[in-house]
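Q: The primary structure of each chain is shown beneath.
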Amino acid sequence: MNSSLTEACTLKLDRFEGPFDLLFHLIEKNQIDLYDIPIVMVTDQYLDYLQGMQELDLDVASEFLVMAATLLHIKSRMLLPVHIEPDEEPTEDPRELLIRKLVAYRRHKEFAAVLAERGERWSQVFCKLPEPLPEVKREMVFDVSPVLLHERYEAVMLQLRARMNQSRGRMTRILDNEKVSLKTKIREILHGLSHLAAGVRLRFSQLFDGRVKTRLEVATGFLAMLEVVKLGRATVEQPAMFSEIYLAPVQGGNQEKGHADGEGELAGHADDNGN
Amino acid sequence: MRMGKENWQAMLTITEIECILESVLFTAGDPVPLEKLADICAQDKKTMQGILENYAGHLLNSARGLMLREMEGTWQLCTKPAYADYIIQLGTVRKTPGLTQAAYETLSIIAYRQPATRAVIEQIRGVSSDSVLLKLQEKNLIREAGRDDTPGKPFLFVTTTEFLRAFGFNSIRDLPKIEMDELHETEFPMENLPVD
Amino acid sequence: MRMGKENWQAMLTITEIECILESVLFTAGDPVPLEKLADICAQDKKTMQGILENYAGHLLNSARGLMLREMEGTWQLCTKPAYADYIIQLGTVRKTPGLTQAAYETLSIIAYRQPATRAVIEQIRGVSSDSVLLKLQEKNLIREAGRDDTPGKPFLFVTTTEFLRAFGFNSIRDLPKIEMDELHETEFPMENLPVD
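Protein chains in written order, with our numbering: chain P, 1 to 275; chain U, 1 to 196; chain R, 1 to 196.
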């Protein structure tokens, strides 16, 4: 079966959709009783039609040829004398199957006409495009759950704990970055203080290398200075706002002890941060 | 809450429900399922069906431009065919299905025998039906619905809701009873008569 | 042809014209200019305007779900506002839980820590809780009970009798025991925690 060929031939075979359609045309044209088809006449007319097609140099679709063969076969069986054995059931009419198929085809052909008519009528009916609608939120029946209440509280408190740990972690990280330089700066200050000539004060600006001075380093140095003051190893003075800060070493017998304490605290400080 | 709503809506008269239906179906445009309408009007499905059928009859027999149609348990407002000539002047002309005889034949076979394979269709029509099946699918009048459990696993074709809409059927059960029954009862020895 | 059409349509009754208008305006959906309607119904503009105004009044005062509105020389069918509540139910209804997760969280914090200020609730939840507190008050599950004796004198929230009733508690002591006593009892350094 070649469908494109078939399609082309169907078109050429005038208005006939297929062999059944052509047969039907012949039956209606001759006002034949479908249930008692004069097979000889119909077959002849059918073949004539195909002949006409060929004379017009038109290809005839295979389906039409198959039907022609079927008709000829039925015709030959009709013409043969029927020999019936006494106890044999009467042989089926050779036309039986063809008739049944034609009946089925006719019903669908009739309904096809009904559909065409209905389609025409209902194409006169128009509908309207839908309007856009907002999404509706409808609240469910007010159901509450003590269990859910409890669960949510536990969950939110756990989240809180996690958040606290997180921010603790953040602070630790900041100190981690800072601790070496802070410790170093304290050492630098203590070192600077211990190597001052008598009566000379340490200038805060002295603590920084002018080329690499960063805001963070200055802040760290400032913290280191405060730490040193807290340790009791120095006093600070700033004569005016935004002016130089001077560190004066605290003299006395507690210097060694203070120094040791300072180192101890520094070590402890570092350990805390390290954990 | 829910109780209160139902009590309140139980007081709706039939006329009020018809007003609700008109406004709701107008806005929807598309067919609305019976269940949805019953829910909106706070009626049980059976009562709603009755109200809708009554309303449809009322629209049909009144001096109204609209009518109500049912399709497989959904309801849609549409215009009466009588006013098509006026509506077409709006300019938004929608062309008729424009099907060939072959298409109508094929559609008829699928409608009555669904689900139907291509082979069955071709046996009845006596002619190859590939291209016409494709056309019908393009027009959304039929669709594939799985495959048959026979050798080759051929596709099964059924009609669509668009088919019902285009031809004005409520459901496949509403197809006119043309004495097809006889056919359905007789087992059809298709294979004896070669078509291809 | 045009002459014939006009002659034929001159015989249209007002009722017939109203049917045409209904079907035409229904199909259009959008507003239709007076000129177009006059053309379709084969009336002069002035007559058409009169018919439309009359039809609009008729729709407005009848048991109908639709009405006709005029906008700058165009006419449109639309639903009456009275049916908005029904129409809105056509939309995809998304059911929201009676209480959102945020509401449960907030309610649980108030239940377990009452009386609680908004600041405490927000510190624990880590998010601003204004709207959820308002919702819970609307639902009458919490209420304000005086003010805290801290700077700013913030409101203190406690649960209500309705809360007990809704959750089936006899008293606040019936709340399920929290197994995180450690957490529950610890005083949190709230001020360290940023509220997002």
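Don't take every hint at face value.
Said to hold, decoys possible - In silico DSSO-like links for lysine-lysine, alpha-carbon gap of 30 Å or less:
#: 1; chain 1: U; residue 1: 80; chain 2: R; residue 2: 177
#: 2; chain 1: R; residue 1: 139; chain 2: R; residue 2: 153
#: 3; chain 1: U; residue 1: 177; chain 2: U; residue 2: 139
#: 4; chain 1: R; residue 1: 46; chain 2: U; residue 2: 80
#: 5; chain 1: U; residue 1: 46; chain 2: R; residue 2: 139
#: 6; chain 1: P; residue 1: 109; chain 2: U; residue 2: 36
#: 7; chain 1: U; residue 1: 36; chain 2: R; residue 2: 153
#: 8; chain 1: P; residue 1: 109; chain 2: U; residue 2: 45
#: 9; chain 1: R; residue 1: 177; chain 2: R; residue 2: 139
#: 10; chain 1: R; residue 1: 80; chain 2: R; residue 2: 46
#: 11; chain 1: R; residue 1: 45; chain 2: R; residue 2: 80
#: 12; chain 1: R; residue 1: 80; chain 2: R; residue 2: 36
#: 13; chain 1: P; residue 1: 29; chain 2: U; residue 2: 80
#: 14; chain 1: U; residue 1: 80; chain 2: U; residue 2: 36
#: 15; chain 1: U; residue 1: 80; chain 2: P; residue 2: 109
#: 16; chain 1: R; residue 1: 153; chain 2: U; residue 2: 80
#: 17; chain 1: U; residue 1: 139; chain 2: U; residue 2: 153
#: 18; chain 1: U; residue 1: 45; chain 2: R; residue 2: 80
#: 19; chain 1: U; residue 1: 177; chain 2: U; residue 2: 45
#: 20; chain 1: P; residue 1: 109; chain 2: U; residue 2: 135
#: 21; chain 1: U; residue 1: 80; chain 2: R; residue 2: 36
What the hints assert, rightly or not - Covered stretches of chain R, as calculated for chain U (at least 3 residues, CB under 8 Å):
#: 22; segment: 55 to 65
#: 23; segment: 69 to 81
#: 24; segment: 113 to 119
#: 25; segment: 143 to 150
#: 26; segment: 153 to 161
Because the hints were derived from the structure by calculation, they are not lab data. Note that the structure is a prediction, hence the values are computed from the model and not measured. From the three backbone atoms N, C-alpha and C, an ideal C-beta is built for every residue, glycine too.
Q: Look at each hint and say if it fits the structure.
A: Hint check:
1. Annotation: proposed proximity of residue 80 (chain U) to residue 177 (chain R) is violated, straight-line Cα distance about 69 Å (limit 30 Å).
2. Proximity of residue 139 (chain R) to residue 153 (chain R) is assessed by CA-CA distance (about 25 Å); at most 30 Å being required, the pair is judged to hold.
3. Note on residue 177 (chain U) and residue 139 (chain U): the hinted pairing holds, with a Cα-Cα distance of about 25 Å set against a maximum of 30 Å.
4. Between the alpha carbons of residue 46 (chain R) and residue 80 (chain U) the distance comes to roughly 27 Å, so the proposed pair stays at or under 30 Å and holds.
5. Of the supplied pair hints, the one linking residue 46 (chain U) and residue 139 (chain R) is violated, its CA atoms being roughly 37 Å apart against a limit of 30 Å.
6. Simply put, residue 109 (chain P) and residue 36 (chain U) have alpha-carbon atoms about 39 Å apart, too far for the 30 Å limit, and the pair is violated.
7. Taken as a hint, the residue 36 (chain U) and residue 153 (chain R) pair is broken in the structure, with Cα atoms around 52 Å apart against an allowance of 30 Å.
8. Note on residue 109 (chain P) and residue 45 (chain U): the hinted pairing is violated, with a Cα-Cα distance of about 39 Å set against a maximum of 30 Å.
9. In summary, the hint linking residue 177 (chain R) to residue 139 (chain R) is supported, as the alpha carbons are separated by about 25 Å, within the 30 Å threshold.
10. About 26 Å separates the Cα atoms of residue 80 (chain R) and residue 46 (chain R), which keeps this hinted pair within 30 Å; it holds.
11. Restraint check: the Cα-Cα separation between residue 45 (chain R) and residue 80 (chain R) comes to about 26 Å, which is no more than 30 Å; the hinted pair holds.
12. Restraint check for residue 80 (chain R) and residue 36 (chain R): the C-alpha separation of about 24 Å stays at or below 30 Å, so the hint holds.
13. Distance hint between residue 29 (chain P) and residue 80 (chain U) is unfulfilled; the C-alpha atoms sit about 39 Å from each other, more than 30 Å.
14. This hinted pair checks out: residue 80 (chain U) and residue 36 (chain U) have alpha carbons roughly 24 Å apart, not beyond 30 Å.
15. For the suggested pair residue 80 (chain U) and residue 109 (chain P), the alpha carbons sit about 28 Å apart, so the restraint of at most 30 Å is met.
16. About 70 Å separates the Cα atoms of residue 153 (chain R) and residue 80 (chain U), which puts this hinted pair outside 30 Å; it is violated.
17. Restraint check: the Cα-Cα separation between residue 139 (chain U) and residue 153 (chain U) comes to about 24 Å, which is no more than 30 Å; the hinted pair holds.
18. Taking the CA atoms of residue 45 (chain U) and residue 80 (chain R), the gap is near 25 Å; set against the 30 Å cutoff, the hint holds.
19. Among the hinted pairs, residue 177 (chain U) with residue 45 (chain U) is consistent with the structure: their alpha-carbon atoms are about 28 Å apart, no more than 30 Å.
20. Using a Cα cut-off of 30 Å, the hinted pair residue 109 (chain P) and residue 135 (chain U) holds, with the two alpha carbons roughly 18 Å apart.
21. For the suggested pair residue 80 (chain U) and residue 36 (chain R), the alpha carbons sit about 20 Å apart, so the restraint of at most 30 Å is met.
22. Only residues whose C-beta sits within less than 8 Å of a C-beta in chain U count toward coverage, and the segment 55 to 65 of chain R has 3 of them, enough to reach three; the restraint holds.
23. Counting residues of the segment 69 to 81 of chain R whose C-beta lies closer than 8 Å to any C-beta of chain U gives 3; at least three are required, and the coverage claim holds.
24. Counting residues of the segment 113 to 119 of chain R whose C-beta lies closer than 8 Å to any C-beta of chain U gives 0; at least three are required, and the coverage claim is violated.
25. By the rule of at least three residues with a Cβ nearer than 8 Å to a Cβ of chain U, the coverage given for the segment 143 to 150 of chain R is violated, with 0 such residues.
26. Residues of the segment 153 to 161 of chain R lying with their CB closer than 8 Å to a CB of chain U number 0, which falls below the three-residue condition for coverage.
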